[in-house]
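J.: Mind docking chain B on chain A? Use the hints.
Number of protein chains: 2
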Amino acid sequence: MNPTEPIAGAAQATRQRIRRGEITGHTSGLAPGCVQGNVVILPSALAPDFLRFCQANPKPCPLLAVSEPGDAALPSLGADLDIRSDVPRYRVFRQGELVEEPTDIGHLWRGDLVSFVLGCSFSFEWALLEDGLRLRHQDCGVNVPMYRTGIQTVAAGRFHGPLVVSMRPFSPADAIRAIQITTRFPGVHGAPVHIGKPELIGIRELARPDWGDAVPVQADELPLFWACGVTPQAVIAEAKPDFCITHAPGSMLITDLNNSRLAVL
Amino acid sequence: MNPTEPIAGAAQATRQRIRRGEITGHTSGLAPGCVQGNVVILPSALAPDFLRFCQANPKPCPLLAVSEPGDAALPSLGADLDIRSDVPRYRVFRQGELVEEPTDIGHLWRGDLVSFVLGCSFSFEWALLEDGLRLRHQDCGVNVPMYRTGIQTVAAGRFHGPLVVSMRPFSPADAIRAIQITTRFPGVHGAPVHIGKPELIGIRELARPDWGDAVPVQADELPLFWACGVTPQAVIAEAKPDFCITHAPGSMLITDLNNSRLAVL
Numbered sequence: 001m002n003p004t005e006p007i008a009g010a011a012q013a014t015r016q017r018i019r020r021g022e023i024t025g026h027t028s029g030l031a032p033g034c035v036q037g038n039v040v041i042l043p044s045a046l047a048p049d050f051l052r053f054c055q056a057n058p059k060p061c062p063l064l065a066v067s068e069p070g071d072a073a074l075p076s077l078g079a080d081l082d083i084r085s086d087v088p089r090y091r092v093f094r095q096g097e098l099v100e101e102p103t104d105i106g107h108l109w110r111g112d113l114v115s116f117v118l119g120c121s122f123s124f125e126w127a128l129l130e131d132g133l134r135l136r137h138q139d140c141g142v143n144v145p146m147y148r149t150g151i152q153t154v155a156a157g158r159f160h161g162p163l164v165v166s167m168r169p170f171s172p173a174d175a176i177r178a179i180q181i182t183t184r185f186p187g188v189h190g191a192p193v194h195i196g197k198p199e200l201i202g203i204r205e206l207a208r209p210d211w212g213d214a215v216p217v218q219a220d221e222l223p224l225f226w227a228c229g230v231t232p233q234a235v236i237a238e239a240k241p242d243f244c245i246t247h248a249p250g251s252m253l254i255t256d257l258n259n260s261r262l263a264v265l
Numbered sequence: 001m002n003p004t005e006p007i008a009g010a011a012q013a014t015r016q017r018i019r020r021g022e023i024t025g026h027t028s029g030l031a032p033g034c035v036q037g038n039v040v041i042l043p044s045a046l047a048p049d050f051l052r053f054c055q056a057n058p059k060p061c062p063l064l065a066v067s068e069p070g071d072a073a074l075p076s077l078g079a080d081l082d083i084r085s086d087v088p089r090y091r092v093f094r095q096g097e098l099v100e101e102p103t104d105i106g107h108l109w110r111g112d113l114v115s116f117v118l119g120c121s122f123s124f125e126w127a128l129l130e131d132g133l134r135l136r137h138q139d140c141g142v143n144v145p146m147y148r149t150g151i152q153t154v155a156a157g158r159f160h161g162p163l164v165v166s167m168r169p170f171s172p173a174d175a176i177r178a179i180q181i182t183t184r185f186p187g188v189h190g191a192p193v194h195i196g197k198p199e200l201i202g203i204r205e206l207a208r209p210d211w212g213d214a215v216p217v218q219a220d221e222l223p224l225f226w227a228c229g230v231t232p233q234a235v236i237a238e239a240k241p242d243f244c245i246t247h248a249p250g251s252m253l254i255t256d257l258n259n260s261r262l263a264v265l
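Respectively, the protein sequence lines represent chains A and B. The opening position of the first sequence corresponds to residue 1 in our numbering, with each subsequent residue numbered one higher. The opening position of the second sequence corresponds to residue 1 in our numbering, with each subsequent residue numbered one higher.
This is chain A alone, in the form it adopts within the complex (with noise of 0.2 Å):
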């Protein structure tokens, strides 16, 4: 996954007014082409439970990068980049209460902090968009309907829970060919985990999700359910930490990665 040069520069470019303070909300539409991720940050007391947590469940917590105890870098991610400053809004933990959200985190900085990036959504559904398959919740101008389930994550340490999916519907050709595209995507939650029958992953109502915004699912279209990176959230809330910083909802970290460079084949 080496940067891409005209890329990433209108990642860079980006990054430096979210570091200026000129962004401060959703980054969705920003540098288009770019790999947007979740941000955790964690002390290192807990980084390797939580490491572990996404070894074992690599569809809601698929890892672009983790870095150094008490280091603001990820050059995987971008030469410049620094943690502190680069994500729009941040949300503050303590406890497991959310206590601040502020645009830099530059005077919480500690030297045990370890930050997590993971793949989001954005990235397959970029995918998807390209072959020309379209997005239910984007047409209809809402976030994407998001369901507790009745499947358990794999526990580790502090860090259990159920998971959580994203539901996009399609008609049943675009249904194939979308499992299809985001197979290729292992690195951003890959395949659906489950198409069509809510009840048999514990999900009662698909017009009332846990997050975002319920959409309309036609007659002639299935229901096709992604891992969803709420899941790692939900689980780190769960577990209380006493200290934690995340990413504010939809104002995430823009990286230099390409989304078509996330593709295996």
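Everything labelled a hint here was simulated from the structure, so no lab data went into it. It is possible that part of the hints are untrue.
[Stated by the list, open to error] Residues from chain B that face chain A, not an exhaustive set, calculated with beta carbons under 8 Å:
1) I176
2) G190
3) P192
4) K197
[As the list claims (entries may be wrong)] Computed far set for chain B versus chain A, every beta-carbon distance over 12 Å:
5) Q16
6) E100
7) L128
8) L135
9) P216
10) P249
Using N, Cα and C, we set each Cβ at its ideal position, and we do this for glycine too.
T.: What follows is chain B alone, placed relative to chain A:
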């Protein structure tokens, strides 16, 4: 697609037994791992249209080999292969009517006959079984159910008609896996053409297949539909060529090719 030694040896030995008339029935389970093919033999006047039909409809008509006119050899499928003797049982049609089911067609051979060998579902079923999936029709000990759909093939000259599909039910997770596996085998029907909701492709009752036998589909399963090699057979029956020879159902041509060599990745 180079024949591989041990497996090719098993194919040759089986073809020799067929040639000697020792095997005159179904080929399922013979020469394990070897590609088996559907056979269509047509007068050269019709060959260009049929070739064009296959090219335009690669999912139901995945061509493995085409002979020179009048040449009984198909060297890419087996050095010693003789299409006049190496199929256990043939069907001979005149003006669209079945007139004979011989075990050898040497007495019918003509200098204008062109042989077509098309990939068959045995190869992708082998890949599904190798991955640990189960096939309902095998568990039930019956033929796979096949259905005429409302999907039209692309016409070429006299050849036109509806797509025929075979159906195999799977749990949602196994359905996703089956799509991934069969996507790797475009030369033997490839990925399914449809999933769930049979009514959308003109199938009224799963319990009443047009060919083969019905199999149960459980409430927690989805039916998957693959383009089927019966499609060209039905299209040829409809076109009523003056003269045509095919394999008898289930009585296939065994080739030296290794099933796994048909995987494109």
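J.: So which hints don't hold here, by number, going up?
T.: 2
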